[in-house]
Every structure is written in structure tokens, then in C-alpha cells.
Amino acid sequence: ADSSLTALLVAAMPIWTVIIEAIIDRRMPSARLVAALLVGFSGIGLLAAPSLMTGVRDDLLSTIALIFAPLCWAIGSVLQARRPVSLDPRVSSSYQILIGGSGFLFLALLFKEPFPTPNLEAWLAWGYLVTFGSLLGYTSFVTVLGLLPMNVVMTYGYVNPVIAVILGWLILREEITLWTVGGSVLVLLGVAGVFRDRYGKGNKQTS
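Residue numbering for the sequence shown follows our numbering, starting at 44 and increasing by one per position.
Hints listed in this document are in silico derivations from the structure and should not be mistaken for laboratory results. Do not take every clue at face value.
Cβ-Cβ distance ranges computed for the label pairs, FRET-style [what the hints assert, rightly or not]:
1. Tyr171 with Leu150: 21 to 31 Å
2. Ser129 with Gly211: 38 to 48 Å
3. Val128 with Arg70: 17 to 27 Å
4. Arg69 with Leu163: 52 to 62 Å
5. Leu190 with Arg70: 16 to 26 Å
6. Ile142 with Leu231: 17 to 27 Å
7. Ala112 with Ile206: 40 to 50 Å
8. Arg70 with Gly170: 43 to 53 Å
9. Ile140 with Leu163: 20 to 30 Å
10. Gly119 with Thr97: 42 to 52 Å
11. Cys115 with Leu232: 20 to 30 Å
12. Val128 with Ser94: 31 to 41 Å
Cβ atoms here follow ideal geometry from the backbone N, Cα and C, with glycine treated the same way.
Please put together the full structure from these sequences, using the hints given.
Okay, structure coming up:
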């Protein structure tokens, strides 16, 4: 599927998380939290709107996978936060990455994917993803799961596209449009609403 549609579907992860926690706790989330999540998701929609309006090339199977991927991620994150293991986050994240990578290797062999012949740029991109995406990024995510409330942690799904837009402008000189500005503002408002919902409650309880 197109990257714009992918960003939109993956950005539903915070919403899935709130739904899963509501089912487990048998308690409805606050109206403020729901509104904040919808505002943030609308911001992602604005960021993706220009690409979506030019036409989306997708297929049913990839779209279904993109719907279930953030759902499975949300379920796993909720379970890990509620049932912590006595492992260092670096060890825990390493096991998860190793198992996930082994699964993809099995699927690649099963479907006879051709072996790639990467050039220097591909190796550099791979090294960046391994270092910042896996070793630092995912380990930090696993660590934060045990430190912050789940609805706060999952707002990274809203923030990432905004950071990607900013980096695209700084590095690749990609154009900043009204869609970009409007979407980014809504995302930041949504994230701020999630923080206010969580820590506003905490301040009221301690006062």
C-alpha cells in the first residue's frame, strides 16, 4: 500500500490501545481522552490527505495486514506493560527482535524471496535502522512501557509522522504546505490532550 495510507492506518495504534484497555478494565475512557485521540488521528489524516487525494494504489491483503499490524502491536504493548518480566529491557527487546526477524526470514525462504544485492546506500540505511530503529528506538520503547501510562506511550504513533515531515523538509527540502502545518498542529494538540487527560487526573487525585 502507499506510504500515506500506511501512515494513516498505523497511526490508529493509540486508538486501538485505548479500546483494548477499555475492554480489559471494563471501563470507558474519558471523553477528553477520546477527543484528544480523534484530534491527533485527524491530524495524521491531514498530513496524508495530499497523497490520498492523488489516488492510492493498494491491494486488499496489504490493507488487511496494515489494519491488523497496529492492532497486534497494541495488544502486545498492553500485555507487556501489564505483565512485566524480570528481564533487562535491552535483553527483552533483543529477544523480541530476534524472534520477529527469524519469523520474517522463515517467510522469505518459504515464499522464495530473491536474495538482495544491496549497494552502499542500502547498507547505510540498514545500519541506521539497526542502530536507531532497533538498538536505541525499540529498546527505549520497551523501557518506557514500564515507566509511563500506556495512552501516553502510544502517542509516539502520532508524533513520528510529524518528525518525518520536519526531517523531510530539513534534509530533502520537501515542501511544507498548509496540509502539513494544519496536520502537525492537530497532532500536537491531540498529544497535549492525552497528556492533560492523564496528568490532570493525577494532579486532582493528589490535591
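Hints and how they fare:
Distance hint check: the CB atoms of Tyr171 and Leu150 are about 24 Å apart, consistent with the given range 21 to 31 Å. In this structure, Ser129 and Gly211 meet the distance hint of 38 to 48 Å, their C-beta atoms being roughly 41 Å apart. The beta-carbon spacing between Val128 and Arg70, approximately 26 Å, falls within the hinted interval of 17 to 27 Å. Against the hinted window of 52 to 62 Å, the Cβ-Cβ separation of Arg69 and Leu163 comes to about 54 Å, which satisfies the hint.
In this structure, Leu190 and Arg70 meet the distance hint of 16 to 26 Å, their C-beta atoms being roughly 22 Å apart. Between Ile142 and Leu231 the C-beta distance comes to about 35 Å, which lies outside the given range of 17 to 27 Å. For the hinted restraint 40 to 50 Å between Ala112 and Ile206, the CB-CB distance of approximately 20 Å leaves it violated. At about 44 Å, the beta-carbon gap between Arg70 and Gly170 stays in the expected band of 43 to 53 Å.
Checked against the hint of 20 to 30 Å, the pair Ile140 and Leu163 passes, with Cβ atoms roughly 24 Å apart. Between Gly119 and Thr97 the beta carbons are some 34 Å apart, a value that contradicts the proposed interval 42 to 52 Å. Roughly 28 Å separates the CB atoms of Cys115 and Leu232, a value that falls within the hinted 20 to 30 Å. In this structure the supplied range 31 to 41 Å holds for Val128 paired with Ser94, their Cβ-Cβ distance being about 40 Å.
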